[in-house]
Each structure stands twice: as structure tokens, then as C-alpha cells.
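Quick note on the working numbering: the sequence shown kicks off at 4 and runs consecutively.
Simulated from the structure, these hints should not be mistaken for lab results.
Any given hint could turn out to be false.
To be verified - Estimated spans, in silico, between C-beta atoms of each pair:
#1 E142 with I63: 32 to 42 Å
#2 I63 with Q138: 34 to 44 Å
#3 L60 with L19: 29 to 39 Å
#4 E142 with L19: 29 to 39 Å
#5 E84 with F58: 31 to 41 Å
#6 D40 with A66: 35 to 45 Å
#7 D103 with E17: 16 to 26 Å
We put the CB at the ideal spot given by N, CA and C, even for glycine.
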Amino acid sequence: MFERLFPRRKPQPEPLPQPNAQLALGALLVRVAFADDDYRASEIGQIDRILAQTFDLGPIEAAKLRAVCEKLERHAESTEEFAQILREEVDYADRKALGDAMWSVALADGHRDEKEEIQLNAIEIALGLTDLDMQAARETALKSL
4 MFERLFPRRK
14 PQPEPLPQPN
24 AQLALGALLV
34 RVAFADDDYR
44 ASEIGQIDRI
54 LAQTFDLGPI
64 EAAKLRAVCE
74 KLERHAESTE
84 EFAQILREEV
94 DYADRKALGD
104 AMWSVALADG
114 HRDEKEEIQL
124 NAIEIALGLT
134 DLDMQAARET
144 ALKSL
């Protein structure tokens, strides 16, 4: 009876922020972790550490940033949008370091996954990294396993 008198309204979703370099990086890190459909705490922790270190954030701020990046990643259709932002705003050496950071997320759970590697390769290409730099990042990352 009360439901008819006072119907519940679904809360309006908050609008997503316009992506910038910080959000684009976070969204791509999340995209790598989601690629294998197994988003683990170890990957979440690694993303938070990367965001905290890269942007000089505390743990709570990094976790909040990651949460926003997760929403952006879910609603973005392509990797290219985020990569374009990073290509425009981040110099090559720093984009190369982002590729290394993404490998650390992909391997944070302690094993290789083909879906994550395919996603990561697509991101590295979209970031404009050279084949030589992509291979070096992969070899370095796999040595840590």
C-alpha cells in the first residue's frame, strides 16, 4: 500500500567527469585488470599504488580516484579516447613508464593471462609506443614473475 502512495525513485546517476590525463591513466589501468574478467584485490592494490605514486596522493585519495576511473572505464567504448588524452598530455618517456605500470597491474595476481596481454598490447599501441619499447616492457615485467 505504501509503495503505491510513495513509490521509490531510483537515484539519478552522477554525471561522469570529463576525462583528463589522470582519469585516462586510471581508466586504462582498470581496463587491463578487467580484461580477464577477474578483478582481484591484488590488481586493485597495484592500481591504487600506481595512482598514489604518480599523482602524489594518499591511499584514500588514490582509492577514490580509482573508483571514478572504474566508472569511466565501464562507460567508455574504446581505449583510443583515453590513449589520445595521454598522447596529447604526456611525453613519450612518461607514456613508456605507463606501459611498464600497466604490466605491473596485469601481473599483480601472480600469473599471465592472454586476455590481459592482448588488452595491454592494444593500449601500448594506442599510446604510440614503439615495438622495441613494448617488447622491453614485456620482458622486464615477465622477469618479475
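These are the hints, each one checked on the structure:
A C-beta distance of roughly 35 Å is found between E142 and I63, which places it inside the suggested range of 32 to 42 Å. The hint said 34 to 44 Å for the Cβ distance between I63 and Q138, and at roughly 37 Å that hint holds. Distance hint check for L60 and L19: the Cβ-Cβ separation is about 20 Å, which falls outside the suggested range of 29 to 39 Å. At about 36 Å, the CB distance of E142 to L19 agrees with the hint of 29 to 39 Å.
Checking the proposed 31 to 41 Å range against E84 and F58 shows it is violated: the Cβ atoms sit about 20 Å from each other. Range check, D40 to A66: Cβ separation about 22 Å, and the 35 to 45 Å hint is violated. For the pair D103 and E17, the beta carbons lie near 33 Å from each other, so the given range of 16 to 26 Å is not met.
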